[in-house]
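A.B. asks: Here is what each chain is made of, one letter per residue.
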Amino acid sequence: MTTAFWIISAVTLLGAVLAVTLRNLVHCVLALILFFLGIAGHYFLLRADFLGVVQILIYIGAVAVLILFAIMLTRNVTGTEGPREVFGLKWWSGAATAAIIGALVLAAIRRDELSKLPTSTQANSSVLEIGKLLVTDWVVPFEAMAVLLTAALIGAVVIALEEVLRRR
Amino acid sequence: MSITLGHYLALAAMLFTIGLAGALTRKNAIIVLVAIEIMFNAAILNLVAFWHFKVFTTLTAQMFAMFSIAIAAAESAIGLALVIAIYRHYRSVDVDEMKTLQG
Amino acid sequence: METIYQLLQTWLPNLPEPIMRLISFAVPILFVISVFPGIFAYTTLIERKALGRIQNRLGPNRVGRWGLLQPIADGMKLLTKEDIVPRKADKFTHFLAPVIAVIPSVMLFAVLPVGSGLIPVNLNIGILFVFAISTGSVLALFMGGWASRNKFSLLGAMRAVAQVVSYEVPMVLAALVVVMATGSLSLLTIAQAQSGGFLNISNWFVFQPWGFVGFVLFMIGAMAESARTPFDIPEAESEIIAGYHTEYSGFKFALFQLGEYLASIALAGVTVTMFLGGYNGPGSHLPYVGWLISMGWFFSKMMGVIFIVIWIRGTWPRVRVDQLMSFAWKMLLPMSIINIFAAALYHFMPSKFLAWVVTAVGLLICWWGLAKLNSDGEIKKRTYRYAN
Amino acid sequence: MEHAEYLQQLASQQWLIPLIPLVAAGIQALLKQRSRKLSATLTISAMALACLLALRAFFATLGGDHGDHHEVGRAFYNFTWFAFGTTKLELGFILDPLTAGMATMVTFVGLMIFINATGYMHDDVNFTRFFCFLSLFAASMLGMIISNNLLLLFMCWELVGLCSYLLIGFWYYKPSAAAAMKKAFITTRIGDVGFFIGILMLYHQTGTLNLYTADGTGALQQADKLATLAGWWGLSMAGTIALMLFIGAMGKSAQFPLHVWLPDAMEGPTPVSALIHAATMVAAGVFMVGRMFPVFTAGAGDWVMDFVMWVGCITAVFSATIAVAQFDIKRVLAYSTCSQLGFMVMALGAGGLSAGQFHLLTHAFFKALLFLASGCVIIGTHHEQDMRKMGGLRKYMPITFVCYVLGTLALAGFPLTAGFFSKDEVLLVTYHHNKLAWGLATFAAFLTAFYMTRQIFMVFFGKWRGGEAAHGHAHAKHDDHGHGHGGHVPHEVPWNMTGPIAILSVFAVLMGWLGTPWLGDNFFHHYLAPSEPAPHHSNLVLWLSIGVGLFGIFLGWFFYGRRPMEHATDADPLQAKLGALFTWLNRKWFIDEIYEATIIRWTMALGVLFRLVDKLVVDGLLHAIAWITWGISWFTRQVGDELIINGGFDAGCEGVRGYAKILAKLQSGRVQNYFRILCLGTAILLVVYFIK
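Protein chains in written order, with the numbering used here: chain A, 42 to 209; chain B, -15 to 87; chain C, 22 to 409; chain D, 36 to 727.
Hints are not guaranteed to be accurate.
With a cut-off of at most 27 Å between alpha-carbon atoms, the simulated DSSO-like pairs for lysine-lysine come out as follows [stated by the list, open to error]:
no., chain 1, residue 1, chain 2, residue 2
1, A, Lys173, B, Lys38
2, C, Lys373, A, Lys173
3, B, Lys38, A, Lys131
4, D, Lys67, C, Lys351
The set of hints was computed from the structure by calculation and includes no laboratory data.
Let the sequences and hints guide you as you build the complete structure.
C.D. replies: Here is the structure:
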């Protein structure tokens, strides 16, 4: 587990860093996919197989593809951004803010007792159990989620189609 | 050295910071969305780690993670639809140019 | 994998632990990467032969007896061809795409139960794994098409992405009825659930009304997913040259072909496992030889499915892009949702015979109704605006 | 079943009453624009159902023996809404006479208004939206009535405000309607600030938002404790809270000086006006004061109650004088509502809970009647609202005319009608409390009778003055198209508009017997507030109120009925015909002639004197009354209302805009900037947290 953790973490971090720094939008998304894969790997490592698969299915199969589509539909087919943004005040202030927050959260984690928990870990979670919980204890959020997703689907179609419909 | 919860929390914090930095510095709306997805995932990773290291004994954490994933999916769908709509209107996805609401 | 490990432990207990682990890993991997590419190679031959016969010609017959060495010749030719990369291409992505195209396809075989008790990895979320992995192939297509910097490639890539994403939905929903019936996501459990009955045949899910509908839907979905004719618009040569692999040649082209065919074969295997009883058949549970017989059944069924796919390719015209999309969203998706209801109905009706009849009739009516709703009315003689 | 238990059970089902209209509103929100029948059916049937439930609750509170003990039958049902940590937020429903009476009134009057609205809104495109809002309006008002909790009450209170905003501005494409909706919303919001402060103070002091609880720790049950604490401005805590709550009520119930929105609210469709003026919006404030009455009485030692009473009194007189000089049929009614609300508030301030609430109930019936009838008139005359352009409608719209007259009599306090009893009660309570306020209120009652009679005569008597200018044109049109609409001649409205007003007029006449002191016990008083001592009967008050009522009616006839206006362009008799009036008065009294004919010679000097008396005293008195009334109304409207209050509001709005422009610079419109600032704030907070 230890070795796997370090390798996957490195991959995940690499993916994340590349996703927010690369100049080419499509490359960004490909790096994002790498990041998603890393997260999925972490889920497998954490014995949450179902979530890992869901992560791949939804994030790589749907979200990443969606983002790619968005890039293509904004007519920026080659994915290249304009001239490099100047590292101005905005950039530095943003990065510094993020860095401060990150440093403080890390410090908090170091300080916290919780993070030194013994490594007693969960056994693999069964899909059956998750499924049963979903339709018993969590049925209301589950249904709400179904409605939300439907609404989001319709909403996304409406927003994206608005101009097309108006043109007709 | 064995892996503890702290490792995962630190990893998630780093990922979150990266995402935050991306959301704060990049100008392209799509990349901002990408950065937001990264932050989402970092948070969800925390939840799963909490479950794995038995901070929560029930499957609640996994449920939360699953719902978060679903919400993130919905959010990205809507977000990207908005980006496309904005692009159609302004011919740009630069977040700095979306300033119609200024006072 | 675990089975091999246990076998090793009983037969060769003196072997050191890491080596035992290594062998138990290596055997299934070797099996997968040796057997299935072999099948791929000869599938191409069979396809060319069958297409030839369908089109009233002979097909390859020059290299070796009946053209049996043709795949090897093809492989050598592709390997020795010049690898051309367009100057404007995004080099790294262009290189990565064919590699990524193969990986998910190979990974799919990891969860296929190829015989009684013979499964490389018995994942308890097998079906989900299949779907999750098969979405990965989309990326390869997109990357290849986008990196080529060629508008036909890009069009092909976008078509591929749209198509795969669309057909995945009815495909997953079609598979859901099997999950409902067995209460498990593991492909091994699903295969086991179809054993027994008359000659190990009568319990196949395809013989239930919902199972048959699911089978048809899944087959269609799988064909679209692996971009087989009539759903091969991503590489429709009459419109966009060769789609996303227009700019590929040599070994990279071969890898794309390999990935595509492997995915097709793997999905055929999944179809067999889920609806056609998997490895079950007469004699598949005999002691000592059962594993061999079951393996035989599995592979013969799989080849049967592949042959059907080839057959369809040889006889059906290619659909149009808009037809393709509306078929997925307006026909397959509602039908698969109705099918889920039918399966639930079947499950909860006390008399199985009655349930069979009721669900069969209900599904037929729904199919007919949906077809009616989706039809553009009567097909009339085509009128031309300018030509007359 | 034990009666208390039954009440308890009903109380726990009270939520059904607002829920039904709410669900109806929710369904209608999803309906298509053209499903008008379905929409109307839904609204009306939901309201009818709610009315039945309210009636059930009402009869339940009637039953059971209160015996002699001075406690009303009251049941409540509290439950936890949500909890964070140990803090629980509770909500609750109540069933007591106040609730039951109000709920019955609101549902019944609302039902009548809804039925009428199907006729009034018949030609409107947004029929469905209108009925959706109406349902929501009724639902929120009912929710307010049944709530045993200030939180729920406040939520519904705000919902009522929202709905009135939506409905006043229903024809939002008219600039005046859009302005009126904003005005109503903002003005009531100013009052709501006070209300909210009051709620917070009450919560702070009592630790609960529940009005009544089973263990006696409800906010109202602790009112006596509050009276012992010191509050602001030298008031006790109870007084301070009561003052704050009353500011809320002032906004909602259109008390001076926050009344400005009410006349403008006429821009909405007439059924909305009826609803706002009778059943829902303005009743909310009075109802709230009635609901929180223990807090008010607990602070009785302070000047709060007097303040309430004087605000009511000033409003009553002030609005009544304005109403005299109005020409818009709905505006007269609007000012009259203002004035009547003043009466209610005054009664409450004088300590007469039952009197105030009784007047609220009776007023709801006859004011709804008057508004609906005026709606009928408006429809019947093809959307004409100017009374000068009406006249003679008695012949064209007989049913409406009869109902209108009955409503007017009730409002004017004609003996034995509903308004007579309730107004008498109000005056009686005030008489025992403060003689000056009583005197002013009696004057207002006189004016009420006067302007209502004026309205009747202007609208229904005389000859039809509408369409005079456009007559020829209309005639030509008539010939061209041949549509049988009869040009601009008014017509009677369909049964779904006259039916409700007919029913309401029955109540307007007969309702008063519920609260008459003549039939043994005063039923309503005993029902609502048995612990409150009944005011002593006073013949002076009774006869004086009858007298001023009749005198007002007489004067109205005197000025308007005797010689109705001939043309729409004629000046108001009271305003311009004073010269003619003068001579007529001379000839009527015949003082000079009689004296000269009989006691010709030796009374010559006396005759001169009589003439002087006649001119200066008698004529002068009558003229003075007329002039003063008119002058006051003009002055209060032009200076008090338009200049100071309206102008003050406008100036305030401008100031806010000016400062907002500076602040708006901060709003760059760039999302990322906001996000950056947000994150920077988070970072600073985290740093602070770590350093600490």
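A.B. asks: Hint check: Lys67 (chain D) vs Lys351 (chain C), CA-CA at most 27 Å. Holds or violated?
C.D. replies: holds (25 Å)
A.B. asks: Hinted pair, alpha-carbon criterion (27 Å max): Lys373 (chain C), Lys173 (chain A). Please report holds or violated.
C.D. replies: Holds, because 26 Å separates the two Cα atoms, which is no more than 27 Å.
A.B. asks: Below or equal to 27 Å on CA atoms is what counts here, so check Lys173 (chain A) against Lys38 (chain B).
C.D. replies: Roughly 20 Å separates the two Cα atoms, so the pair holds.
A.B. asks: For the pair we were handed, Lys38 (chain B) and Lys131 (chain A), check the Cα-Cα distance against 27 Å.
C.D. replies: violated (41 Å)
Checked against the numbered hints above, the structure breaks only hint 3 and satisfies the rest.
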